[in-house]
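Listed here are the chains, written in short residue letters.
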Amino acid sequence: MIRAPLSTTSVLDEATDVVALTASPWAAVLVATAIPYRLMLALFVDRLFEIGSRANEYGHFLGTTANLTIAAFVLAIFGRSVYARACRLALARGTSPGREAWRVPRVALASHLLTASLAAVMTWLTLFTLIGPAVATVISGLGAGTMELNERAAVRGAFKLVFRYAKQTAIPIALSLIFVVAFAVSFVNVASALSLITWLVTAIGGFDAPHWNLLFSGENRRYILLLLAGATVVLEPFWVAAFVVLVRKAGAEENGDDLRVWFDEVRRSEA
Amino acid sequence: MPNPKTCSVHAQRPAFAVCMTCAKTLCQECATQWDGIWHCASCLGAKRAVTVKHSAAAGWISIAAATALLLYFSARLMVWTGALIAGLF
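Residue numbers (numbering that gives the first Met the number 0), protein chains in the order written: chain A, 0 to 270; chain B, 0 to 88.
Because the hints were derived from the structure by calculation, they are not lab data. These numbers come from a predicted model, not from an experiment. There's no promise every hint is true.
[Claimed, not checked] Label-pair distances were calculated between CB atoms; the ranges are: (1) A:G97 / B:R12: 40 to 46 Å; (2) A:A173 / B:Q27: 55 to 61 Å; (3) A:T168 / B:A55: 32 to 38 Å; (4) B:Q27 / A:S6: 41 to 47 Å; (5) A:N55 / B:L68: 22 to 28 Å; (6) B:W59 / A:D45: 35 to 41 Å; (7) B:V8 / A:A70: 19 to 25 Å; (8) B:A67 / A:T168: 26 to 32 Å; (9) B:M19 / A:V30: 57 to 63 Å; (10) B:A57 / A:L74: 53 to 59 Å; (11) A:A70 / B:M19: 51 to 57 Å; (12) B:Q27 / A:R151: 32 to 38 Å; (13) A:G97 / B:H9: 47 to 53 Å.
[Stated by the list, open to error] Some chain A residues near chain B, calculated using beta-carbon distances under 7 Å: (14) L47; (15) N55; (16) L61; (17) L113; (18) S116; (19) A119; (20) V120; (21) L124; (22) L148; (23) A152; (24) A153; (25) V154; (26) A249.
Each residue gets a CB set at the ideal place from its N, CA and C atoms; glycine is no exception.
Take these sequences, add in the hints, and give me the full structure.
This is the structure:
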């Protein structure tokens with residue numbers, strides 16, 4: 000499915016096709032496993048707002064929520080691994096992948112969990128800086144993209160692969176910036192969809208519209224947190240697919256696969 | 000009983016070394032030196048298989064330990080950073 004040289008636009012273009020091929024049912028697997036993690040994160044932030052400056056007194060309470068969030072994170076990484084494999088299979092064959100997408104190699108899963116855990120630590124450690132979480136997001140994406148390139152379980156090997164592909168600095172940075180804008184668009188879309196549903200449901204008798212309008216307003220903190228979680232979940236299939244395509248295209252450039260495809264196309268057009 | 004002066008694999012070739020594991024006599028082609036010790040192909044293969052098995056197990060242990068450690072720190076950092084941010088408001 001590699002059609003054009005490595006560039007940000009070609010990565011996004013091919014990622015859109017991959018998402019279309021893997022939408023059913025693999026994007027649903029990704030979304031279903033990501034929802035508990037995003038909701039737990041929203042719950043954690045909500046509890047922080049609730050407790051406020053007394054947070055130091057509620058260490059155990061916050062710790063329990065954090066542990067549950069990490070458990071949901073492990074499930075989310077499993078779903079992301081299945082989806083990344085489905086994306087890779089779709090890229091290789093140009094067709095929608097079958098049940099083999101479930102068979103994620105153990106080494107790939109372990110390597111992905113390791114790199115994603117490092118990204119999570121980096122995110123929380125550098126939350127006060129803007130650049131830290133952005134770098135962590137790129138590492139996490141490259142971890143999903145490179146997971147199947149790991150041939151054996153090794154800590155150094157998993158990180159070496161991620162940093163090898165991170166050398167194409169310009170494209171991961173450009174992708175991150177595009178996804179920041181896409182997140183804003185996704186947020187507005189999810190909010191609009193919810194408003195539209197509420198408006199349509201008012202036609203049903205017995206529906207307490209004013210009450211729901213109050214809940215679905217910008218003044219409700221929990222609604223905003225749910226919108227943020229929803230926007231992230233909606234965007235995640237595109238984000239994973241973009242990094243899988245990026246790694247595949249960068250790898251194809253290294254081993255000459257892109258040239259082979261290009262020569263094939265030239266020969267076909269001349270014939 | 001193999002002739003100690005010829006290779007145990009190639010009877011027509013003169014012996015060059017003795018495998019330190021199975022004590023077979025070996026010609027130049029059959030003998031491989033590893034860590035300064037001569038080995039025959041089958042003994043070296045067996046040693047390599049054991050090494051690969053050990054390194055695979057070590058790899059799995061290290062990756063599991065590193066992941067568990069990172070997940071533990073991730074949960075603790077969530078609480079510390081969260082409490083710090085909440086304290087600001």
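Hints, verified against the model:
1. A:G97 / B:R12: 40 to 46 Å: violated (55 Å)
2. A:A173 / B:Q27: 55 to 61 Å: holds (58 Å)
3. A:T168 / B:A55: 32 to 38 Å: Holds, at about 33 Å.
4. B:Q27 / A:S6: 41 to 47 Å: violated (55 Å)
5. A:N55 / B:L68: 22 to 28 Å: At roughly 25 Å between Cβ atoms, L68 of chain B and N55 of chain A fall inside 22 to 28 Å, so the hint holds.
6. B:W59 / A:D45: 35 to 41 Å: Check passed, 38 Å falls within 35 to 41 Å.
7. B:V8 / A:A70: 19 to 25 Å: violated (58 Å)
8. B:A67 / A:T168: 26 to 32 Å: holds (31 Å)
9. B:M19 / A:V30: 57 to 63 Å: holds (60 Å)
10. B:A57 / A:L74: 53 to 59 Å: violated (28 Å)
11. A:A70 / B:M19: 51 to 57 Å: holds (52 Å)
12. B:Q27 / A:R151: 32 to 38 Å: The hint (32 to 38 Å, Cβ to Cβ) holds, given that Q27 of chain B and R151 of chain A are roughly 34 Å apart.
13. A:G97 / B:H9: 47 to 53 Å: Distance hint for G97 of chain A, H9 of chain B holds at roughly 52 Å.
14. L47: holds (4 Å)
15. N55: Check passed: Cβ of N55 of chain A comes within 6 Å of chain B, closer than 7 Å.
16. L61: Check passed: Cβ of L61 of chain A comes within 5 Å of chain B, closer than 7 Å.
17. L113: holds (5 Å)
18. S116: holds (4 Å)
19. A119: With a minimum Cβ separation of about 4 Å from chain B (threshold 7 Å), the hint on A119 of chain A holds.
20. V120: Interface hint status for V120 of chain A: holds (5 Å vs cutoff 7 Å).
21. L124: L124 of chain A check passes; min Cβ-Cβ to chain B is 6 Å, inside 7 Å.
22. L148: violated (15 Å)
23. A152: holds (4 Å)
24. A153: holds (5 Å)
25. V154: holds (5 Å)
26. A249: Because about 24 Å separates A249 of chain A from the closest Cβ in chain B, which is outside the 7 Å limit, the hint is violated.
Hints 1, 4, 7, 10, 22 and 26 from the earlier list are contradicted by this structure; the remaining hints agree with it.
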